[in-house]
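Asks: Top to bottom, those sequences are chains A and B.
Number 582 in my numbering belongs to position 367 of the first sequence; there are no gaps in the numbering.
Number 139 in my numbering belongs to position 138 of the second sequence; there are no gaps in the numbering.
Do not rely on the hints blindly, as some may be mistaken.
Said to hold, decoys possible - Subject to a maximum C-alpha distance of 30 Å in a straight line, what follows is the list of computed DSSO-like cross-link-like pairs (lysine-lysine):
hint, chain 1, residue 1, chain 2, residue 2
1, B, K325, A, K440
2, A, K440, B, K170
3, A, K440, B, K182
4, B, K268, B, K182
5, B, K253, B, K186
6, A, K440, B, K253
Said to hold, decoys possible - FRET-style restraints, in silico, Cβ to Cβ:
hint, chain 1, residue 1, chain 2, residue 2, range
7, A, I286, B, R59, 36 to 46 Å
8, A, L291, B, R276, 33 to 43 Å
9, A, V485, B, D223, 28 to 38 Å
10, B, R295, A, T555, 50 to 60 Å
11, B, G321, A, I571, 23 to 33 Å
Worth flagging that the hints you see were computed from the coordinates, not collected in a lab.
Cβ atoms here follow ideal geometry from the backbone N, Cα and C, with glycine treated the same way.
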Amino acid sequence: MGAALFAAVTCGAAAVGVAAEPGEELSSPSGGDAGSGAPSRPADGPAGAAATASDEDEALAEAATPLSDRIRDLELRLEQTRQVAVGRQPRVTLSGYIDLGFFIPQGDGSGIVRDQGNALFPEYAGRYGWVFLGDLLAPTVNSRGEAADLGDAAGVERFDSVHSRGAPGFIANEVNLTMTSALGDSAIATASVNFVPRTGSSFSLGDFIDVDLAQLEWMPTRSQKTSIFVGKMESLLGIEYRDRKASNRFGITPSLIARYTTGTALGLKVRSKLGPDDVLVLAGAVTNGSNTTEQFHFYDEIDSNAGKTASGRLALRPPLPFELEVGVSGSYGGQDRARTSTGAMWFFGIDLMAHIDRLDIKGQILRGGAPGSPADQVYGLKLHNGGYLELDWMVTPLIGLIGRGEMRDAFVWLGDPNAPSGADRAYLTKSWRATGGVRLAFSERVLLKAEYLRNGEYGGIPQIKNDLFTMSLLLIE
Amino acid sequence: MWQRVGSRRSWLMAGALIVTGAAVAGAQEPGATGRAGAPSRAVGEAGGAAPTRAEFARLQAEVREQKQLLIDMLQAEQQRYDMLLKIIRSQGGGAAATLEAVPPGFPSIVPPVGAPATSPASARPADERPRAAERAAENARRTAPLEGKVELAGGRGGAEIYVYVENVKGTPARGKSIEIKQENKQFSPRLAVVQTGTNVVFPNLDAIYHNVFSSSPRNSFDLGSYRAGDKARSVTLTAPGVVEIFCNMHQKMSANVLVVPSSLYTKVRPDGSFRIDNVPVGVRRIVAWSPGTRTIQQRVDLGPAGADVRLALEREEPKGHTNKLGQAYGSYRD
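Same shape as in the complex, but just chain A (with noise of 0.2 Å):
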């Protein structure tokens, strides 16, 4: 009825109009002819009145339209707008940031020293042909995990990214580039690339591209706390894997053992949230390798094996006054870079996260062990025991503090040591580090942070010159 009233009232106004230049457009500013062929007429004549009336017109059409009605006008097409707006979202969600660094390593830049002449471990003598002692990626540099450089160590050939030699430099320590795009409701798709600048060799730039996350995710319930994922995906071994990236991390380097668990493996992985507020997380994943990161020695993105790794993942979050949750975890597969499945290679922890307050506390241990193959020259494994304590106290919005206790119990080999020439070479970590750091948060998008690193060892290894002081600038889109 109410819009009968107004076609009405608009009727008789825009009749009003019409009789006033009857065959003309009300709206042409100049009066003048819309077309009809009727020569123009004096700006100052009857134009100006139509003009005068068309204003009353409205006028009167917005007086007469009920208040009602005209709000809800407006709400429909607010939400139509919406829905345009929505609707003109890109498909594809670009995210990422730019990590840049300065670090000041000690000694020559290297975790590692070597146990010339069996001088400290005689028990290897015979055993190993050389014997390293500490940790290789110690003097961690970023949140990729790269050494301030990987040392000499005498018959490798490696890709020593960072080969500092001990100097302290600048580094843009990556470019990441996250796109995003769901396909409906309950899918998406997600890759991650990282452009890592290196100094080049041999006339070749040392510039290279990781692809660190290529996956699709279902969510096939309505709930949505059922996920399948499948490609390149996060672990679920531990915890740290989600703080793996720069934007994520609260402070700049990653935990001793993360890289036994936070790298992303091919495969099909399910994870469940179940019960009420979420209290127990179960999780699953069948992959081609180990969760190892990349550039470590285990790591197998495409498998060489028919012994797929399967991993697991039980977590509980029990209903407190504060966020708190207790996983156990694990992975069994077939060895990576092996040829064979016969050697499994094995990882076992426990972790905790809470979240009290401004107060986050973060912990985690693992064991895991692999027989190597001397055949494939690849690595074997005894992790004796790894596991960190990591306090991050956002004192205020700005400022932020973390503090961070670990340690690494360790032994790697190349070889078969019972061969009548011994194995390659084995290296031995005893370590200990203690991290301390700042972080600025300057705005959402810009984060200024500070670590200092200071690694030490026990068990007979000698005190290796080897803390670092890092800084991350980081750009975040």
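Knowing the structure of chain A, use the given hints to seat chain B on it.
Replies: Chain B only, in chain A's frame:
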């Protein structure tokens, strides 16, 4: 509401007719002067001389005067309505509630808009208007209690249930404000009931950024990203209904605000019963809702003696929600 609109519309109808008439009259005249040297067929057929520019201007001036008169009438009508509203509020027991629909058995102040044009509201004798106002006031004073019971399928547990009267519009709660904090990656409280027009402020007490938004129809908003220390952002909820509120960064963060049109709402007692007093008599739409259910609605013919209503809510299977772009969050955004 309908009464108000109906009254105004009657006046408008009369005005519209005047304007239309004026338009028709004007249409017979001005063409010739509008096109110098090209007399209009209408004028020529009438056999009279073409009107002069002065005559045309005079006619247009008359039209303008008539339209101005119409606008004045509309304004007068608005003032009359405001006055009537004041009378109702000062006398009525229902106070804040005004009638959206005319309860059965009560004549409206003016005939409905669809009434014949021969008896427009403007033709109503002036002395009838005060009587109509009295009737409206009396109508508003006639309220009754609404009682009933709500059942939640599968057992209620500790779920909160609310019932409100939908088709009674109250005065918008201009100036009223509530706070829903973002703290420890949760909204607190996670459920609020407000009247239309209430401003909801969302202070962020976390050191991390949150982005509060809602895609609920008629109450959609996006407050952008901010953190503790930043000025809290707010939204005024203007339309009744359930508003689902989320954070664009943390999927687990969710809250519900039930926006009710008037003060005629209540929280259902633990035994499922409820009572709302001072509900204007007439056909009323009663709405019940609880978090995790869809709203249900029931029409009730509320007489002077009150009414008893039974409502049954059903739980919805939990449904995931999308981010502000309408895209799925992904499993790890919590």
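Asks: Decide, hint by hint, whether the structure agrees.
Replies: Structure-based check of each hint:
no.	hint	in the structure
1	B:K325 - A:K440	holds, 19 Å
2	A:K440 - B:K170	violated, 40 Å
3	A:K440 - B:K182	holds, 26 Å
4	B:K268 - B:K182	holds, 22 Å
5	B:K253 - B:K186	holds, 8 Å
6	A:K440 - B:K253	holds, 11 Å
7	A:I286 - B:R59: 36 to 46 Å	holds, 39 Å
8	A:L291 - B:R276: 33 to 43 Å	holds, 36 Å
9	A:V485 - B:D223: 28 to 38 Å	holds, 33 Å
10	B:R295 - A:T555: 50 to 60 Å	holds, 58 Å
11	B:G321 - A:I571: 23 to 33 Å	holds, 27 Å
In this structure, only the earlier hint numbered 2 is contradicted, and the remaining ones agree with it.
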